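Student: One line per chain: the protein sequences are A and B, in this order.
The first sequence begins at 162 in my numbering and counts up by one.
The second sequence begins at 162 in my numbering and counts up by one.
For the record, the hints were derived by calculation from the structure and aren't laboratory data.
Note that this is a predicted model, so its numbers are computed, not measured.
Take the hints with a grain of salt, since some may be wrong.
A pair holds if it fits inside one copy or across any two, identical chains being indistinguishable in the list.
Straight-line Cα separation of at most 16 Å, EDC-like style, residue types lysine to aspartate or glutamate; simulated pairs [what the hints assert, rightly or not]:
1) Lys455 / Glu433
2) Lys286 / Asp347
3) Lys399 / Glu496
4) Lys179 / Glu237
5) Lys344 / Glu453
6) Lys276 / Glu488
7) Lys455 / Glu429
Protein chains: 2
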Amino acid sequence: MASTAAGEEVPNKRVVLKHYVTGFPSADAMEVLTGTASLAVPPGSSAMVVKNLYISCDPYMRDRMTKHERPSYVPEFVLGEDLITNLCYKSLWPPPFRWYKFICLQTLVNFGVCKVTASGHSDYKVGDLVWGVTGWEEYTLVTEPESFFKIHHPELPLSYYTGVLGMPGLTAWAGFFQVGKPKKGDYVFVSAASGAVGQLVGQLAKLTGCYVVGSAGSDEKVNLLKNKFGFDEAFNYKKEADLDATLRRYFPEGIDIYFESVGGPTLEAVLENMRPHGRIPAVGMISQYNLEEKHGVRNIFQVVAKRLRMEGLLVFDYYSDYYKFEEEMAGYLKEGKISYVEDIAEGLEEAPAALIGLFTGRNVGKQLVAVARV
Amino acid sequence: MASTAAGEEVPNKRVVLKHYVTGFPSADAMEVLTGTASLAVPPGSSAMVVKNLYISCDPYMRDRMTKHERPSYVPEFVLGEDLITNLCYKSLWPPPFRWYKFICLQTLVNFGVCKVTASGHSDYKVGDLVWGVTGWEEYTLVTEPESFFKIHHPELPLSYYTGVLGMPGLTAWAGFFQVGKPKKGDYVFVSAASGAVGQLVGQLAKLTGCYVVGSAGSDEKVNLLKNKFGFDEAFNYKKEADLDATLRRYFPEGIDIYFESVGGPTLEAVLENMRPHGRIPAVGMISQYNLEEKHGVRNIFQVVAKRLRMEGLLVFDYYSDYYKFEEEMAGYLKEGKISYVEDIAEGLEEAPAALIGLFTGRNVGKQLVAVARV
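Chain A on its own, in the form it takes in the complex:
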């Protein structure tokens, strides 16, 4: 940063959403523009400016690319002219998303790993490595630095803080342990099992002494599940004509915990195969995000018949556990107890395609974009 004194305007590449999307999105809905950013914090404010190093591509972002008829769990991305309309949604947003509306208009936002380059906040110093919700751009003015977590293990790859040590990691950990309430010997099924969350759920389940089967969308991914992540069994769901029968084969005793990221027909087949008192932590339903007509799940009655507990969770509710989680997971990584695979796209120009690739299953492992190296 020697050449960019505080207060200087620098070029700032950023990714914007050009228009809202229905159905399957295309990378063309986004555009990479170059504007400028000020590296100075407004006088007297407690904001900070961060340099974005790694940004995360996450399936839930699909919802933000659609114009909502009614408020959704996160607001849609703002195109600019829609600012006024969007104000009325404010109270429904979870905090980290609320703040960014005012500073990142027209720029996509999501979790990222950042370095502080200017700060008016006493807890955040220039040079600090942090992660939180930032812009899909090179530099971001953060008006609420408190929403960022400090990075305590920079000796591990920093990109891990978009995944195994970040939002997906905390999601897997909280969903599996707090909602799934596993016991040794439980039968666990994980869908989207090679993705950012799934690969961790499977390994946490193995560490807990469970029997774990994962599904994924290619033989390459199935191979990863069995040979890298230590799942007991794995299958390519695209090769299975009757998922109900497939699950019956892998789980003759039934499923105790289904970690749900997929929804639709997969959920339907799983419900037929759950055991009494089974648990379904649900963190996403990626199979449904691009459908204009959602799949109707016809056997929800199984929730009654088998006394199932299905519970949704969002990572925000577990933020208070983050540093505890970070220590535990960093320990597993250093001891080699958890393996982790990521799929890194290089440069903001690749970000739109990387995001869309999540929905075709192009990525192998956690998808992220390297914006800059530290």
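With chain A held as given, fit chain B onto it using these hints.
Tutor: Only chain B this time, still in chain A's reference frame:
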């Protein structure tokens, strides 16, 4: 019982299922036959013979009238010739249903209020009033008397032990308090609200300081909800063209607890109107029982987006709480804090029509059949 000495054979009217049913059932699927029953307990056994006083008609019985392709949560009723096929299901059945297969072949079984007329069991004496799973007949040989609860409040109407003091009452109490985890001020929606379970849930919610809205299928029932059971609001769902909009009107702030007995399009509309962290105790889905093609619920993703907890329960899991519940509920009834409406059909001959009436909503309040007075 003076005229029927132990060991005597007496005429025994009973209700049998003639054939399995698909789609909407008709009373013709059942038949009332007269056979004989022995009033003696087999020598050396710990069985008991009971005289059935009141038998309960409950929606879940519909499932037992269908031949299951795969084991369901309760076994189908046995037609007689199907005995061998049914044996393989045994391990899946909850205990009270398992025992009866062997003694009530061809006779329908369900919860009822009974008087002990002969007993080989030291805990059950002739003249005891009990409730449990018994036959749809005049006299039943009970091989596992331990599955019956003693009746501690015979000063209240005995028929109440098929409802407010029996299985539906415990279901409402456990579902609302243990699964729903209500807080004062919560917004509560109850479907099938004038039924055996719903009328109690609404009143327990009012006692807890919640705001309660109920739906039912006739203006007469809506009137009961508002003027007898003290619901804050109630509506006739048959008069509402757009249930989503109706719920938005009654719950502008959204729903914290939805007590689910209906399923299908109602569940779908409710999911749109739940508040974050809402709870859905699910005890039945009566709208779906007679459909050959079940309604597909298209917005299960709301479970994730709103971090909902949907949890099924069956009353068996709460049997250990029964006597605590009985005392609490008997107290409410005596203090006039809980009102209760039942719909009593007279005589076993009326039992088939009374059961079918549940699915057309003919009953007003808890449906039961008086077999004999004590």
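Student: I'd like to know which numbered hints this structure contradicts. Please list them from smallest to largest.
Tutor: 2, 3, 5, 6
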